[in-house]
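These protein sequences, in sequence, are chains A and B.
Mapping the first sequence onto this note's numbering, position 143 (from 1) lands on 143, and the numbers just tick up by one.
Mapping the second sequence onto this note's numbering, position 217 (from 1) lands on 217, and the numbers just tick up by one.
Since the hints were made in silico from the structure, they are not lab data.
Beta carbons are placed, not taken as given, at the ideal position from N, Cα and C, and that holds for glycine.
One thing to keep in mind: the hints can contain errors.
[As the list claims (entries may be wrong)] To give an idea of the interface, some chain A residues facing chain B are shown, with a C-beta separation under 10 Å as derived from the structure:
| id | residue |
| --- | --- |
| 1 | Ala79 |
| 2 | Asp95 |
| 3 | Val186 |
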Amino acid sequence: MSALGVSLKGVRKSFGAKRVLDGVDIEVAPNSSLVILGGSGSGKSVTIKCILGLIQPDEGVIEVGGQDVTRLSRRDRLALMDRMGMLFQQGALFDSLPVWENVCFKLLAQKRITRAAARDRAAEVLAQVGLAASVGDLSPSELSGGMQKRVALARAVAARPDLIFFDEPTTGLDPIMGAVIDGLIVDCVQRLGATAISITHDMASARRIGQQAAMIHHGKIVWTGAAAELGNTGNAMVDQFARGEREGPIQMELRK
Amino acid sequence: MVGAMLAGIGRPVLAACESVGRLALFAAEAVSHMVRPPFHARQFWRHFVEVAYFSLPVVALTALFTGMVLALQSYTGFARFNAQSAVASVVVLSVVRELGPVLAGLMVAGRIGAAMAAELGTMRVTDQIDALTTLSTDPMKYLVAPRILATTLALPLLVVVADILGVMGGYVIGTMKLGFVSAAYLDSTWDVLEAMDVISGLIKAAVFGFVIGLMGCWYGFHSKGGAQGVGLATTSAVVVASILILMLDYVVTEAFFSP
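Construct the complete structure from the given sequences, taking the supplied hints into account.
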């Protein structure tokens with residue numbers, strides 16, 4: 001399997017009268033890492049949920065590996081999902097299963113591995129994210145926030161996906177743990193040779209995990225460029241956001 | 001004026017029709033996953049044990065005391081017409097045909113329907129259901145189908161236990177308090193009981209079990225809005241399942257025993 005490219009053209013999505021995505025265009029080359037930036041409620045999460053097929057867009061084309069995911073049947077979408085992984089903002093670990101079953105869930109659900117082999121595979125992947133094999137026997141509720149993020153990362157990469165999504169991977173973590181998670185993300189993506197799409201509003205994290213960056217504001221992509229340029233892009237909106245400045249073109253507004 | 005009034009009536013009617021249609025499609029999809037592989041046997045067994053085994057105490061106690069009360073009430077009521085000898089017959093027919101399935105259904109709706117709605121609702125608002133999809137697993141097949149199948153198959157077993165304990169409760173009160181001779185009470189019980197009484201009760205139980213699982217999954221699966229949404233889903237699952245149990249009780253009774 002090879003890394004998957006992603007292409008969004010004119011994607012629009014409204015919830016009731018509220019337009020969340022207003023013609024989003026994004027190109028992500030195979031084997032590259034894109035970070036989508038934007039304030040809370042700007043449409044970042046909806047964008048990746050549309051790519052994953054969890055939300056159906058109202059308009060536009062979304063291609064993953066050349067296939068338009070908006071037109072795939074449920075079965076074909078689940079098959080394509082085999083090649084994707086996702087780290088959710090809050091981890092979304094399954095409370096009813098121990099950590100090792102969470103990590104190898106996809107492999108076990110598809111009977112690609114026996115339960116005994118899954119324990120070994122879970123220990124191997126947990127080691128890659130800096131967790132001891134003994135953590136595998138714990139319940140997710142027994143873990144700290146940082147450990148839950150690591151387990152969620154382990155689950156996202158355990159089936160060796162070709163395209164990985166990271167939703168606010170450092171939210172709620174202290175700066176050191178955030179840097180550790182970012183380092184693990186970069187290691188995992190490089191090891192797998194996968195394409196990565198992350199969303200965040202943490203600038204330090206964006207520079208660490210992204211090669212390319214795109215900023216979304218009011219449901220539109222307003223800038224794309226190299227993640228290393230963040231803060232010095234020459235785009236007043238992006239630079240204000242990247243520097244966390246109060247004054248600038250982005251103003252706090254009444255939310256509807 | 002008239003147009004606005006008609007629109008005011010039409011909107012909720014259309015909304016209700018849409019909800020019923022969505023629920024029917026949800027139920028049909030769940031049933032289709034029960035008969036199409038792959039099957040998640042481990043999930044099914046986990047929920048079957050939760051329903052059939054861990055609901056036993058509450059169902060057993062409810063049935064036992066209901067049988068005891070029924071014997072006592074029937075005796076004092078029938079004494080006015082010198083018809084005390086009918087107590088055993090009334091107890092067994094009431095328990096097997098009606099009270100066993102209905103009370104077990106209501107107890108399980110409160111216990112399991114609420115738990116299912118709360119668990120699935122929490123999974124929904126914490127992105128666990130979306131996570132399942134990203135792990136190439138259909139949530140309807142993994143979460144919904146095993147739960148509905150488990151309640152549908154487990155409730156008849158619970159009703160068998162409820163029937164036995166309900167009749168036993170009546171027997172205990174009849175023989176120890178009301179002065180019935182043990183053999184005569186048991187003879188009256190067996191003489192009046194027919195296979196169709198038991199079968200109709202078990203079919204009712206399966207229908208109620210399906211409804212409990214369906215409502216718990218439906219409200220939990222479509223929960224939104226955080227803790228408040230989960231609470232609302234839980235309450236709705238129990239209330240709607242309880243009302244449907246009482247309504248369907250009439251429908252099944254009509255089908256079996258219409259004169």
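For each hint, the structure was consulted:
no.: 1; hint: Ala79; verdict: holds, 8 Å
no.: 2; hint: Asp95; verdict: holds, 8 Å
no.: 3; hint: Val186; verdict: violated, 21 Å
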